[in-house]
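Here is what each chain is made of, one letter per residue.
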Amino acid sequence: MARKLVSGNQAAGHTLAVAGEANREARGCICGAYPITPQTEIIEFLRAYEFTKGRVVPVESEHSAMAVCMGGSLAGARSVTASSSNGLAYMTENVFAAGYYRLPIVMIAVNRTLGPPWNIWVDQGDSLMLRDAPWLQFYTESHQDLVDTILLAFRVAEDPRILLPAMVAMDGFVTSHTQMGVDLPEQELVDRFLPHCIVPHRLRSDHPTTIGGLTWPKETEHHRIEIQRAMERVPEVLAEAISEFEEIFGRRPHGLLSAEHTEDADVILVASNSMARTLRGVVESRREAGEKIGMIKAKTFRPFPREAFESAVGKTAKVGVLDRNHSPGSGGIFWQEIVTSLRNQPDTMVQDYLVGLGGGDVTPEILHEIVDDLISRSKSVEPVWKEVASR
Amino acid sequence: MNVVPLNMNANCDTTCDPVLRAGNTNCAGCGMSIGLQWFSEVFRDSKPILAIPACCGIVTAGAFPTSAYSVPIAATTFASAAAVATGLRSVALMNTEENVTVCWAGDGGTYDIGLATLSAAAERNEDIIYICYDNEIYGNTGGQRSSATPEGVVTSTTTSGKSERKKDIMAIMAAHHIPYAATLSVAHREDFIRKLEIAKKTKGFRFLLMLSPCPTGWKSEPEDGVDLIRYAVRCGLFPLYEVYDGDRYRINVERDQTSIEEYITRQRRYTKGSILAEELTQLIDARWQKLKRIVRAFPADDNKV
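Going down the list, the sequences are from chains A and B.
The first sequence: position 269 = 269 (our numbering), numbered continuously.
The second sequence: position 103 = 103 (our numbering), numbered continuously.
By construction, these hints were calculated from the structure, which means they are not laboratory data.
Remember, it's a predicted structure, so these values are computed and weren't measured experimentally.
Accuracy of the hints is not assured; some may be wrong.
Claimed, not checked - Here are the simulated lysine-lysine pairs, DSSO-like style, with alpha carbons at most 30 Å apart:
1. Lys203(B) - Lys47(B)
2. Lys201(B) - Lys53(A)
3. Lys219(B) - Lys47(B)
4. Lys290(B) - Lys53(A)
Said to hold, decoys possible - Covered stretches of chain A, as calculated for chain B (at least 3 residues, CB under 8 Å):
5. 21 to 32
6. 54 to 64
7. 85 to 98
8. 215 to 222
9. 271 to 280
We treat Cβ as the ideally placed atom computed from N, Cα and C, and that holds for glycine.
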């Protein structure tokens, strides 16, 4: 295993490339590539990569980047791309189309604030804007988590029981532009882990079909129900993929979520992406001080693992959710999902904290303050804005 | 209820069927139907795969699980045909498959919402044939103006006649230096077929523009469609010409003394509009002179192309 010091973007670019290359004896790899800060290095990496059977098309927009991926996938290739922020917003129509076509495209979303006003720093409002698209969504806390999750994403997305596209998110700059030591997956191991990509409904002249034409309400209902059923199969397929991943790579990535110190916890904090790493340090130090604090790292967002949350939270009295995103007029988006997950646990109080929006640095001190605030509350209130940047 | 679906001949050999089969939903007199039949004559045995954006060309496929098309079709989002085709063609090429990737798009998906995608695919010189059937209107949505709608024409969003001029998409495409661009007339079959054959032999991005009569949008009689296109060519409104590599031009049919009146008096989109025959004639004269000057300056060498 080659352990290297690389940035999050380099790690993602490498992993997409070896995954694409792993399909060289099948129908190859295709990428529609369009730059946007902070993901640009990923598509630069892919453009420079020498695929045995693959093409990275430098298109004129994110909308076309996804369209090229769709065309490639409809022709049976493994398809990859990356985007951020307004790029994801511009791509949105084709993001939905890719899912409704049931094409197992894998996209890296490097989280960045949506503008205007223009801000290149991290905020999850971009990928979470796409929560209602028929895509799997994973949020990653570290470079290694990112690499491993990308490989899992291909496995799950391309599984015949799933056949849905998958998005793997990381924090802009905090993850994308910082370096960590990473076990970069070698081609030989990826070849073993990823079977050939098979798109069973690909277009072929010997069996002509019209894909994406008109449907009536009856067929549309069935189509949507089938997508929901596929989403419901993800936990099982993901668990299988993780077991095989462990056999091949010798490490075990997190799956739906990671519940840490939750069994006896009085208070649980929930975070995603790199904030989960900061939170882990805070939780560990409070544990050492004898406080019964636990945490849940939210990783799989679509499908949202409601059962896993319900069982991880158990009878815990207080849950605090850290949301680096904001749905105006409502609140944090993870919070909404978690409240729904805990709808049968009326004794659990769930408090939302909007923290680090627009890329404000979320330090351990701020998380300690949030823990203290949560402990002091006996009743939840509307989402609390925890301003960090104006300190 | 046991109904045999329209065009759903799962157990039949479909390889002899025309690209667009009988029983489709196109209007009587639709120019696109003629275009697809002639396309089929030239390309049926070349394993065509079509990317069709939102337009009448996909509505005519009919509802799932039936399809009026006998070849693989990707029904793309409105602006995406040329990019989806890029993906399809790239994978076909890397797998050394012998087929032809074609975009079949209306003027909305070509001149308007799909222009950036089209321009980018042309600039990359993708190995795609892009055919625009231009009925000069958003026909699918009931007849609104597009940038292909000519000056003076009444649509549901230009109720007293369009005040702007029609976009010159051929000039835009020629400016991309693509290997081949040509205009097609459903009234000039030999010329139409010959241009499809050239497109078939040529590699790289090929753009074909077909003026497509649309009885519902043009407020004309279905049986008049081919005649209307003949008049449009003869009076000089729709010149038949071709451009090689963006810089070698050839006019295929010269204009004659046919009056624009023949064209506009048989379409209520013009007769209730704002433009007079004289004004239109002046515009045609100016455009034709410009085209002639270009052709004289940059002629296609008959021995070369």
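Quick rundown of the hints versus the structure:
no.: 1; hint: Lys203(B) - Lys47(B); result: holds, 16 Å
no.: 2; hint: Lys201(B) - Lys53(A); result: holds, 26 Å
no.: 3; hint: Lys219(B) - Lys47(B); result: violated, 36 Å
no.: 4; hint: Lys290(B) - Lys53(A); result: violated, 47 Å
no.: 5; hint: 21 to 32; result: holds (count 4)
no.: 6; hint: 54 to 64; result: holds (count 9)
no.: 7; hint: 85 to 98; result: holds (count 3)
no.: 8; hint: 215 to 222; result: holds (count 3)
no.: 9; hint: 271 to 280; result: violated (count 0)
Comparing the model with each numbered hint stated earlier shows that hints 3, 4, 9 do not hold.
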